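**Q** Just so you know, the protein sequences line up as chains A and B, in that order.
Numbering-wise (our numbering), the first sequence opens with residue 23 and increments by one.
Numbering-wise (our numbering), the second sequence opens with residue 672 and increments by one.
Hints in this document: simulated from the structure, not taken from any laboratory.
In this text, all values refer to a predicted model and were calculated from it rather than measured experimentally.
Don't be surprised by glycine CBs; every beta carbon is placed ideally from N, CA and C.
It cannot be assumed that every hint is accurate.
Claimed, not checked - Here are the simulated distance ranges between beta carbons:
hint: 1; chain 1: B; residue 1: P686; chain 2: A; residue 2: Q330; range: 56 to 64 Å
hint: 2; chain 1: B; residue 1: L1042; chain 2: A; residue 2: G124; range: 56 to 64 Å
hint: 3; chain 1: B; residue 1: L1134; chain 2: A; residue 2: E348; range: 30 to 38 Å
hint: 4; chain 1: B; residue 1: A690; chain 2: A; residue 2: E103; range: 47 to 55 Å
Residue-level listing of the chains:
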Amino acid sequence: MTTRIASLLLALCLASTANAASVVGERITLIVPNSAGGLMARYAHMIAPFIAKHAQADDVRVRIMTGGGNIRGTNYLWFAEPDGTTIGFTSIPSLILAQLSGSEAVQFDTTELVYLGRAATEPRVLVVGTESGITSADQLKTLGRPFVYPSQGTDEDFYSMVVLANALGMELKLVMGYDGNADTAMAVIRGDGDGQITSWRASLGTIQAGDEHPVITLGTERYAPFPDVPTATEVALPESREAVQAIANMLDMHRGFFGPPSLDGQATAELRAAISAALDDPELIAESERQRLPLIPSPGAVEQSKIQQITDASTVIVPIMQAALERIR
Amino acid sequence: MLEAIGAGLVSLATPQAIAFMVIGVVYGLVVGILPGLGGIVAIALLLPFTYGYEISATLALLLGAHIATIWGGSVTSILFQVPGAAKSLALVFDGHPMTQKGEASRALGASAMAALLGGVFGAIFLAISIPIVRPVMLALGPSEYLMLALWGLTIIATFSEGSLLKGMIATALGIMVAFVGMDPITGTPRFWFGIIYLLDGISFPVAMIGLFAVAEMIKLYVKGERIANRVAGTETSTVLDGVKDTLTHWWLVVRSSLLGLWIGVLPGVGASIGGIAAYAQAVQTSKTPERFGKGAVEGVIAPDATLGANEGGGLMPTLAFGIPGGESMAILLVAFLSMGIVPGPQMLTSGLDIVFAMVWIIVIANVLTTLLGLAISKHLARLPMLNPNIMIPLVLSICLFGAFATRGTIVDVIVAAVFGVVGYYMDKYDYSRANFVIGMVLAEMIERNLHISLSLYGNDFILTRPIALVMLIFVIVTTALPFIRTWRKNRVAAEAAS
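Working from the sequences, and respecting the hints, build out all of it.
**A** And the structure:
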């Protein structure tokens, strides 16, 4: 009897070992659903060899899979074997928003993807033009007229603005159709629009020139070089803070690694550890400085918890987004 | 200011800066000649190799490469009907007919010289315009951009000889193809039939490769002839003829350069519109507009001068406002910031030497590109004389590789092949392919700017925007002018006959 029980336990142990997937010695495919020459692809090519090194994998091969604004590659990853040999790297907010906005092409569910770590993020800011007459976040709440927002499409900034406007209780006039950041910035400086959401880096020149003023940071914390500019959560009406925090979390996730749903536990642990180690590797840090691709890492487990917060707030966010889409269509 | 002009030039006199400039120009020429790859790709690929060098040397490498890609794109447009990038499209209209007439050397000479003069005039105008650029940029907005696009659209009449209806049908087809993908206003998918590939729309370079290059190779295969209608060795034109042509049409060069500079200055107006608008003004101001589309050298000079000047203009939004004017400037901005330069109006005071270093780079890179271009043009001009059995597989391989390289997807290669068949039949039945691509380029610009104008200024925006109103009148007058000239000519001929 004892021998039988011991044999059964041994069999169970062997079976569980056989099922657990390790990426050691494996060839990993890193799907990048963005354009071949873009920043996301450059980040992926730069980091991939270091993930291979720290995961002790045979190789990490970058596979560019452009199409449908990150959707094609992510759809592919959604159906990949959850053994750790196929993972993805892209702008996480764009995936979340594609799903929340109800895009017909989306076959994935971002709440079921497994997040493996963030490589970089770039804080965003709401800047207003001098012509708008607005100088502070508080003034936005008592504007007495619609805030004119020139937009280049239904991207992260568009959705962030509609949630932010709702959180501040201000009326928004969306002017769609602008072609890129330069076009929207010119509209704001000219006075056609009141303000725009952009990255701190892109707006540094116009801020220093006095053509635009930063009024709200859309990150989880204040931006160090401009400590007087409040975060969106600080200025939001109390009942909207959860929604604004969710948007801030979402933007904060930015350039992240992720795996298919039900990714094997052992593979998840190995990949999270390898990605963290890779992003701390002094050789990669030096390379990122050489290539001018800054790294701001965050562990996979932290990123996974942000998804939960975003999901919890989605019941509030989704109706706001859908109402904005209805207005522009 | 004189001190800054001198300091800018001196900063480029180091061995490192000179070497980087030469490397940048040679590399840019090669990238420019490859279809589907343009200045943005050239700069993006170079960026990782610029860490830790002199500021002027880094700028010489990046800007030099970017400038050289422009003429590289013109070469393939003229010789093989393959625009290296969307901005080189207008070179196809008359450059390739010149090649077919056995005047490839002349076309290449005119193209290189026009690009040089355009670049130099652009740089000079840029330096002079610095004090007025801000107010001008602030005065022009979406309504004025809309009028510019409408002006570009008027040249469809030039390519509709024989049947205006066929010309309109070709343009409408181009507009319909441009509508495939995400609507630029609301993000609503249009004509995607559940195929994710179509959500991104049809890539413009891919469509051009198919419509012109692949279609031309099908035509060569069917006819079994060489591209140039004359046999090798009988070409009477020389590169020098083209250089002389450009100098003879100096006023056209000046006008086109000014146009190119200001189109470059305005964010949201692409260089591809610049080439088409330059071509439109060349046609509309010509006393013999009927020669255009059949190998008129002015049709090569005007777009190349515009493209040459465009680069200087592209620097202005970055310098005057700190806004990168286009994708290539956005990449340069990354380089600027990492070198400790914050672009913006302060550069026009405290960083004026860097501004003039860039102006000098534009001038010197243009001179280098032209010298290299003139030296190799004679040899390049012999390429269309190649036997079709060598030419067809060679050009098709490069083009289909280019189609793949634009977005890295094999579907683009299939799409290029499909457009090749479409282009072949359009050419066979006299539906202008030029009108098709003009419709494709201008559709989105018109859609965007019409929508923004209506949203911001209301339905009667044209009456509330005086500059746009003046531009509209100008569009109507310049469109009517060739028709009035023809009518007068016919009347005089009729009177003489009676």
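**Q** Indicate, hint by hint, whether the structure satisfies it.
**A** These are the hints, each one checked on the structure:
Under the hint 56 to 64 Å, the C-beta atoms of P686 (chain B) and Q330 (chain A), about 58 Å apart, fit the expected range. The hinted window of 56 to 64 Å between L1042 (chain B) and G124 (chain A) holds, with their beta carbons roughly 57 Å apart. Checked against the given bound of 30 to 38 Å, the beta carbons of L1134 (chain B) and E348 (chain A), roughly 31 Å apart, stay inside it. In this structure the supplied range 47 to 55 Å holds for A690 (chain B) paired with E103 (chain A), their Cβ-Cβ distance being about 50 Å.
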